[in-house]
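Visitor: Listed below are the residues making up each chain.
2 protein chains.
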Amino acid sequence: MKYVFGVDIGGTTVKMGLLDETGSCLDKWEIPTRKENGGENILPDVAKAIEEKLNEKGINKADVIGVGTGVPGPVDSQGVVHKAVNLGWGTFNVDEKMTELTGLKAKTGNDANVAALGELWKGGGQGYSDIVMVTLGTGVGGGIIIGGKIVDGSAGAGGEIGHIHIKDDEKIACGCGNYGCLEQYTSATGISRTAKEMFEKWSGSTVLTKDDLSAKAVFDGVKAGDELCINVAKEFGETLGKGLALIACVVNPEAFVIGGGVSKAGEVLLKYIEPSFDKYVFHGAKNAKMVLATLGNDAGMYGAARLVM
Amino acid sequence: MKYVFGVDIGGTTVKMGLLDETGSCLDKWEIPTRKENGGENILPDVAKAIEEKLNEKGINKADVIGVGTGVPGPVDSQGVVHKAVNLGWGTFNVDEKMTELTGLKAKTGNDANVAALGELWKGGGQGYSDIVMVTLGTGVGGGIIIGGKIVDGSAGAGGEIGHIHIKDDEKIACGCGNYGCLEQYTSATGISRTAKEMFEKWSGSTVLTKDDLSAKAVFDGVKAGDELCINVAKEFGETLGKGLALIACVVNPEAFVIGGGVSKAGEVLLKYIEPSFDKYVFHGAKNAKMVLATLGNDAGMYGAARLVM
Chain A
674 MKYVFGVDIG GTTVKMGLLD ETGSCLDKWE IPTRKENGGE NILPDVAKAI EEKLNEKGIN
734 KADVIGVGTG VPGPVDSQGV VHKAVNLGWG TFNVDEKMTE LTGLKAKTGN DANVAALGEL
794 WKGGGQGYSD IVMVTLGTGV GGGIIIGGKI VDGSAGAGGE IGHIHIKDDE KIACGCGNYG
854 CLEQYTSATG ISRTAKEMFE KWSGSTVLTK DDLSAKAVFD GVKAGDELCI NVAKEFGETL
914 GKGLALIACV VNPEAFVIGG GVSKAGEVLL KYIEPSFDKY VFHGAKNAKM VLATLGNDAG
974 MYGAARLVM
Chain B
674 MKYVFGVDIG GTTVKMGLLD ETGSCLDKWE IPTRKENGGE NILPDVAKAI EEKLNEKGIN
734 KADVIGVGTG VPGPVDSQGV VHKAVNLGWG TFNVDEKMTE LTGLKAKTGN DANVAALGEL
794 WKGGGQGYSD IVMVTLGTGV GGGIIIGGKI VDGSAGAGGE IGHIHIKDDE KIACGCGNYG
854 CLEQYTSATG ISRTAKEMFE KWSGSTVLTK DDLSAKAVFD GVKAGDELCI NVAKEFGETL
914 GKGLALIACV VNPEAFVIGG GVSKAGEVLL KYIEPSFDKY VFHGAKNAKM VLATLGNDAG
974 MYGAARLVM
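Which chain is which? The protein sequence lines are A and B, in order. If you're matching positions, the first sequence starts at 674 in the numbering used here and goes up one per residue. If you're matching positions, the second sequence starts at 674 in the numbering used here and goes up one per residue.
For the record, the hints were derived by calculation from the structure and aren't laboratory data. Remember, it's a predicted structure, so these values are computed and weren't measured experimentally. Even for Gly, the Cβ is constructed at its ideal location relative to N, Cα and C. Some hints could be false.
To be verified - When the alpha-carbon atoms are kept at most 27 Å apart in a straight line, the in silico DSSO-like pairs for lysine-lysine are as follows:
#1 B/Lys840 to A/Lys952
#2 A/Lys844 to B/Lys907
#3 A/Lys840 to B/Lys962
#4 B/Lys907 to B/Lys962
#5 A/Lys844 to B/Lys959
#6 A/Lys756 to A/Lys675
Stated by the list, open to error - Only part of the chain B face toward chain A is listed, based on derived beta-carbon distances under 10 Å:
#7 Cys698
#8 Trp702
#9 Gln799
#10 Ala828
#11 Gly829
#12 Gly832
#13 Ala897
#14 Glu900
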């Protein structure tokens with residue numbers, strides 16, 4: 674049997690997995706992300722955890738295919754990360770550093786792209802080779818896979834779909850500095866903002882309260898048939914469907930895989946995205962399916978392992 | 674020396690080229706596109722022209738790498754065209770048919786995608802591996818190349834960037850049936866429409882006349898410093914720059930290669946696109962250069978040849 678490590682480095686914890694070559698997860702665990710001193714301990718900590726796991730399981734390094742890693746920042750095709758601000762990292766070659774520390778083959782990618790690869794391999798995107806993963810969390814992330822391969826982009830910004838310009842009349846700046854980005858309306862934060870705006874003007878009854886206008890509260894309300902919540906969901910679906918239609922005209926994927934915290938709402942979410950997608954998409958690209966991600970927080974770990982195989 | 678044929682099938686003529694393996698064009702010529710009877714003569718005519726050229730030049734088939742073909746319709750990665758209405762074609766495998774007719778290896782792609790590959794190989798995109806080609810003609814076509822390979826899309830609609838939804842308040846339908854597509858504003862036809870709308874409201878002096886509100890007249894006027902023409906160009910650049918910024922958030926190319934009839938205006942065109950692109954693009958994808966296509970109508974012939982190599 675051959676083994677592979679999948680490592681997903683986040684701002685708080687590093688998620689680690691030991692998989693076999695078929696992608697079965699044999700073990701998974703977490704270690705803290707030590708960000709002090711420019712994050713200089715992060716990779717040595719990962720290397721140490723790998724050594725310990727090999728000893729614990731009695732696995733020979735010759736039987737390990739390699740270590741795949743996802744990091745929260747742009748990574749080019751050579752494995753060079755170009756700043757990962759959440760880790761305190763500047764620019765350096767993660768592949769080389771990881772191989773130096775572990776003696777294993779290493780391959781590194783952007784965390785959102787790697788999560789997309791994970792969903793393609795073992796999650797909601799199984800059976801496809803061209804997908805766009807859409808992660809609806811605090812922000813909106815994305816990962817594009819064409820022919821089974823990640824589209825990194827020439828500066829590591831492939832799949833940065835949260836920053837597609839979607840509205841012209843926005844007065845509030847996005848975190849990126851631009852105005853009217855897709856994530857300002859379709860992230861958990863964006864849904865909550867829409868809910869707040871609609872709640873303040875709403876005179877009818879609703880299950881929403883000013884103390885909880887979260888995306889979760891909105892979709893719970895949708896399931897309960899709440900009219901205000903349904904209006905918020907329609908606005909969300911109109912905007913996201915339009916955004917995905919634009920993307921479909923560029924890469925014409927087989928499927929959009931919808932993940933992130935907001936996707937916990939389940940199938941109901943797709944019901945609000947699909948009509949808008951169908952309305953705005955070019956007829957030749959209408960074939961794209963909408964599916965939910967299934968791996969949750971493990972997607973990055975699976976995709977990172979796949980990356981090095 | 675090895676040889677390769679590049680064939681670009683258009684609605685009126687088929688452009689053919691005989692190239693050597695380095696991409697030098699040894700000969701190029703045209704034959705008429707016979708569209709009658711569902712276009713059944715088109716490929717036999719091409720095969721006949723190839724045989725004649727081989728005889729004329731005394732080239733042995735063993736020295737021919739193959740025949741690459743661009744067709745005006747969606748083509749999947751197996752060489753199956755899914756309707757090419759301008760040729761009268763339904764759905765069939767062009768690669769197989771061409772090999773049957775010529776005894777040569779064959780590879781077929783969509784004409785816009787193949788033109789992009791041509792510009793990457795021998796035109797404005799030389800030196801890059803990730804480009805988006807934007808063809809501003811009667812409509813707006815596109816071709817996406819990532820890592821030197823065409824992004825066909827899962828249904829052959831990769832790079833259909835002319836049908837990106839860019840304006841919400843459009844009352845006139847695009848040829849595709851949707852409202853507010855990029856090509857409604859940034860094709861030669863779209864520029865002319867904007868010129869007409871602005872001309873009718875214009876009270877100042879202008880070089881434009883109601884008999885010639887073409888895209889060429891507009892950009893000639895821009896070069897002469899005509900204020901109305903400059904306004905039209907600004908509107909064009911604002912819309913196209915915004916569209917290209919969206920695309921950059923998806924695939925983050927190294928360069929946009931601007932071609933088609935409108936691009937004959939030259940470098941002045943880029944001056945109107947770039948400020949808008951810079952305004953709307955995500956900072957991580959700002960690296961994309963804007964360059965002009967250089968191969969004109971030969972791009973498809975070059976790219977088709979490259980496709981089979």
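Visitor: Is the interface hint satisfied for B/Gly829? The criterion is a beta-carbon contact with chain A at less than 10 Å.
Guide: holds (7 Å)
Visitor: Would the stated hint for B/Gly832 survive a check requiring a Cβ distance to chain A of less than 10 Å?
Guide: holds (7 Å)
Visitor: Have a go at the B/Ala897 hint: is there a Cβ in chain A nearer than 10 Å to its own Cβ?
Guide: violated (31 Å)
Visitor: Next pair to validate is A/Lys844 with B/Lys959; report whether the Cα-Cα distance is within 27 Å.
Guide: holds (22 Å)
Visitor: Against chain A, with CB atoms and a cut of 10 Å, does the hint on B/Glu900 hold up?
Guide: violated (25 Å)
Visitor: Is A/Lys756 within 27 Å of A/Lys675, Cα to Cα?
Guide: violated (33 Å)
Visitor: Between the alpha carbons of B/Lys840 and A/Lys952, is the straight-line distance 27 Å or under?
Guide: holds (13 Å)
Visitor: Measuring from the C-beta of B/Trp702 to each C-beta in chain A, is the shortest one below 10 Å?
Guide: violated (32 Å)
Visitor: For the pair supplied as a hint, A/Lys840 and B/Lys962, is the alpha-carbon distance within the 27 Å limit?
Guide: holds (25 Å)
Visitor: When the nearest CB of chain A is found for B/Cys698, is that gap smaller than 10 Å?
Guide: This hint is violated: B/Cys698 lies away from chain A, its Cβ roughly 29 Å from the closest one there, beyond 10 Å.
Visitor: Quick one, is the B/Gln799 hint okay against chain A at 10 Å, beta carbons?
Guide: With a minimum Cβ separation of about 15 Å from chain A (threshold 10 Å), the hint on B/Gln799 is violated.
Visitor: Holds or violated: the hint that B/Ala828 contacts chain A, with Cβ atoms closer than 10 Å.
Guide: holds (5 Å)
Violation of the numbered hints given earlier is confined to hints 6, 7, 8, 9, 13 and 14; the remaining hints are satisfied by the structure.
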